[in-house]
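Given chain B's structure and the hints, the job is docking chain L onto it.
If you read the protein sequences in the order shown, they are chains B and L. Numbered per the numbering used here, the first sequence spans residues 1 to 325. Numbered per the numbering used here, the second sequence spans residues 326 to 663.
Treat the hints as calculated values from the structure; they're not laboratory data. Since we're looking at a predicted model, the values are computed, not measured. It cannot be assumed that every hint is accurate.
[To be verified] One-sided and incomplete, this derived list gives chain B residues near chain L with beta-carbon spacing under 7 Å: (1) I38; (2) G136; (3) L147; (4) L268; (5) M303.
[Unchecked claim] In silico lysine-lysine, DSS-like type, Cα no more than 25 Å apart, as pairs: (6) L:K354 / B:K127; (7) B:K125 / L:K354; (8) B:K10 / B:K22; (9) L:K462 / L:K354; (10) B:K320 / B:K10; (11) B:K22 / B:K192; (12) B:K218 / B:K125; (13) B:K320 / L:K462; (14) B:K192 / B:K218; (15) B:K320 / B:K22; (16) L:K464 / L:K534; (17) B:K127 / L:K464; (18) L:K464 / B:K320; (19) L:K464 / B:K22; (20) L:K341 / L:K352; (21) B:K218 / B:K127; (22) L:K341 / L:K354; (23) L:K487 / L:K434.
Each residue gets a CB set at the ideal place from its N, CA and C atoms; glycine is no exception.
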Amino acid sequence: MIKRYNIIRKMRNQWIQILVEKYMMLLVLLLTCIIISIIKPVFLTPMNLTNVLRQVSMIGIIAVGMTFVILSAQLDLSVGSVAALVGALASGLQVRSNLSTSLGVMIPLILAVVIGLISGIITTKIKVHSFIVTLGMLSIARGFMLLYTGGRRIDILIPSFEYIGAGMIGPVPVPVIIYLSVIIVAAYTLSKTRFGRYVYAVGGNAEATRLSGISVDKIRIIVMSISSFTAGLSGIILSARISAADPAMAEGWELNAIAAVIIGGTSLFGGQGGIGKTVIGTLFLGVLTTGLNLMGVSPYYQMLLIGILIVVAVVIDRLKRRLLM
Amino acid sequence: MKKGANKDTELLELSKSIVTNRILINKIKQGLQKYGIIIIFFFVFLIISISTPHFLTKRNIINILRQVSMVGIIGCGMTFVILLAEIDLSVGSMASLVGVIAAFLQVVKGANTFIAITFAIIVTFTFGIVMGLIITKVKVHSFVVTLGVLSIAKAVALIISKGHPISGLERPFRFIGGGMAGPIPIPFILFIMIAILSYLILTFTIFGKYIFAIGGNIETSRLSGIPVDRTKILVFGISGLMAGISGIILAARINSGQSIAGEGLLFEAITAVVIGGTSLFGGVGSIGGTVIGVFLLGIIRNGLNLIGVSPFWQKVFNGALILLVVVLDRMRRRIRVY
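In isolation and in its complexed conformation, chain L is listed as follows:
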């Protein structure tokens, strides 16, 4: 009798220890998932700063901050979109379009900076809303609609600019791209503001909760009375808006509106968002992750440039990175299923 009771308690202890072990392992796994990217970030940072002395100069860091801001702003919009398990392939050509429209209004039509920028951004916001309308009302996957709009936006930019850069922006316009507030570049301040705003929206508003819910399970969300279509439309509007802001910074930085200027932004934005832990399958992710992802990508890109890797290799690298990140995303999801 006594022996039996002992056995029971032993069994209990054993199962308890197994459970605590499980919990511990899961906690470590979760911790790695959450903070692994930060570790990688510092690791990469260290490697690059050792391998090239130009990396940690003030000039270069300011350059990185500027570069990162453009991808980052689009990345914030893209995070919203990917959280919904959708995608927006049009952001790159949208950014080019905004720059071309704003430059055209200012240089050719003589509009002042404020009007030129506002009008241009309204155009992309509208584009985004229209895409959202088509995607939700026609019930078709976003990649094909945004692919069509990619072509449309690029064509409109080419038509307006006739294929040539429109240069000669006014001083206040250029300030948005090249200006400094103390030691910090203006684009970076814009990026941080937008990132904080996006974080607040995602975490503390009903709209943000809706986004996570829809991305997690669209059918349940619809049945619980969440306005799925309206949320999606608004999110595509936000993505267009962010692409617009980023495009303005880009145009201001290169002091012209160019129809191909924003071409690389799409890749970087998607990669950064997914590296940052936002799942392509929707419902999981955060703005914080995206911000770190953007920085990680930014220093890698900068490092490759400084070390002198050819842009052709970087193109290969871009593609390989997307594949890698997608595979990692799937693996992460597999762990989460437990």
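Just chain B, same shape as in the assembly:
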């Protein structure tokens, strides 16, 4: 009798733990929103909120790709550079080579996928952790971007391209719509398709996955190209939004994207997490940054905060694992 009662209590405790784990970040996000809107009522104006969403969508798209990568227990440090390279190429192809907008967007995106494939192939074939390969790729992509632009800004004033960054469909900005569609496709892929299951499996236990006859290498390579693709997409939105390709654009974005994913609660050890968590993490970072901007805090302190948040999130992730296991 007592034993049964204990089991029930244990189960209830576990339920509470799971609930806390699931909705903790959402709660933190809401709390942050409330606190910021009390301090700065401007925060709650529709215009500001639209702006936050638009701002968030670029890092958010990269973070979606990064979620795949981190779920499969890898890391992609090249996303910022890939975004910059794709943005620059898209601008250059339209301004210098007079290509149409659709071609000017398509070609660089294909290139992004190829970069991801290369990183993935190197990572899997020589069996080294992806962070070192993508660290090299970071430098290569940025170098090619600088070579292509000559280290100068490329201005691009083509309405059909600028529409991607600044346009509105009804009251919703185009980047937000792109972000939403990326979220939906990614969430569907991860939770409803076989490939999605495999991504979790690879991250959870690569050896067991291999023994069950799934090609771990193939999954990892595809995941890297997904991440590269989302980085490219984000780069295009960025350069469409600022109507230019700037040599320093998207520098350090890998850090923000990784922060968004880990803070959201996707485990760095792979196999645990999801798109929903990443979206909440991204929104949290976006709201926090906007709030700090509204309060006039220098961007340097924001950088400091992101660094600290990454370390704290990693520690919490570990503690959580220890508690739940």
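This is chain L only, laid out in the frame that chain B set:
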């Protein structure tokens, strides 16, 4: 009967010769692994000195020695870290941070050179220890913790310097970067001293043996009672310390503390260490290799500059080199498995 015995001896001879052949081939392979980099070094040296006359001037050589020293000092610390199969991505921004703190203390607060430098280096050493603590106690891979600290150190440097260079260092401070002892630049003397010290630590102390053991097989090491966590923490402290010393030299050389000064050092240090034969998988490597790797990288960089290759191409080259080196490292390891 006699015939049979003959056959036996023939077989024996054959197998003996096969074995000796194997040993010979292995020896050649090992020799190539060990000394291949020296051959490459001289080869590159020759090519550069033929292709540009400015390479072998006294001024340029002194310049190379100075340049090499900063990467080399960080490389020594990085060798310890990589031998443990860990990585420290924070060294570049740590070097910038040290320069900014020291310059801030001296220029803004009026501290004397010794205090400014000591304090700044203590800060990075502490950073290193804290990173080590997090990595070992939380049991998470070092790249993510050091990535976070990279951002933190950079931000602190930006906050202190407000994004501007802090210039106007005192003479003794600048001497560390620009001074000469006879014909040899001071930074180079520091580098050689640190390299020798690191070599001695790795080869002759228990601490050094622990590092190799942990890098080779962490589980076995733990089971044999090696203080794994303590060793790792100390190694990250050393890496922070080395980044600090290098940052001081850098600041002294450019006569200011700048928040982005050390940005390229991370790449060069990792590349140099791995070129020098230290494996990213841990447990294999040496300080001697790192020193040669640093020199090789240094003359290549210098040569590219002299020939007039654009810095953008050099950025591509940096990344490609890391990929190449990682692939080579894997191939080397595959040979070693035999």
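Hint-by-hint comparison with the structure:
{"no.": "1", "hint": "I38", "verdict": "violated, 27 Å"}
{"no.": "2", "hint": "G136", "verdict": "holds, 4 Å"}
{"no.": "3", "hint": "L147", "verdict": "holds, 4 Å"}
{"no.": "4", "hint": "L268", "verdict": "holds, 6 Å"}
{"no.": "5", "hint": "M303", "verdict": "holds, 4 Å"}
{"no.": "6", "hint": "L:K354 / B:K127", "verdict": "holds, 22 Å"}
{"no.": "7", "hint": "B:K125 / L:K354", "verdict": "holds, 23 Å"}
{"no.": "8", "hint": "B:K10 / B:K22", "verdict": "holds, 18 Å"}
{"no.": "9", "hint": "L:K462 / L:K354", "verdict": "violated, 40 Å"}
{"no.": "10", "hint": "B:K320 / B:K10", "verdict": "holds, 17 Å"}
{"no.": "11", "hint": "B:K22 / B:K192", "verdict": "holds, 20 Å"}
{"no.": "12", "hint": "B:K218 / B:K125", "verdict": "holds, 11 Å"}
{"no.": "13", "hint": "B:K320 / L:K462", "verdict": "holds, 14 Å"}
{"no.": "14", "hint": "B:K192 / B:K218", "verdict": "holds, 19 Å"}
{"no.": "15", "hint": "B:K320 / B:K22", "verdict": "holds, 12 Å"}
{"no.": "16", "hint": "L:K464 / L:K534", "verdict": "holds, 22 Å"}
{"no.": "17", "hint": "B:K127 / L:K464", "verdict": "holds, 22 Å"}
{"no.": "18", "hint": "L:K464 / B:K320", "verdict": "holds, 13 Å"}
{"no.": "19", "hint": "L:K464 / B:K22", "verdict": "holds, 23 Å"}
{"no.": "20", "hint": "L:K341 / L:K352", "verdict": "holds, 16 Å"}
{"no.": "21", "hint": "B:K218 / B:K127", "verdict": "holds, 13 Å"}
{"no.": "22", "hint": "L:K341 / L:K354", "verdict": "holds, 20 Å"}
{"no.": "23", "hint": "L:K487 / L:K434", "verdict": "holds, 15 Å"}
Consistency with the previously given hints fails for numbers 1, 9, ordered from lowest to highest.
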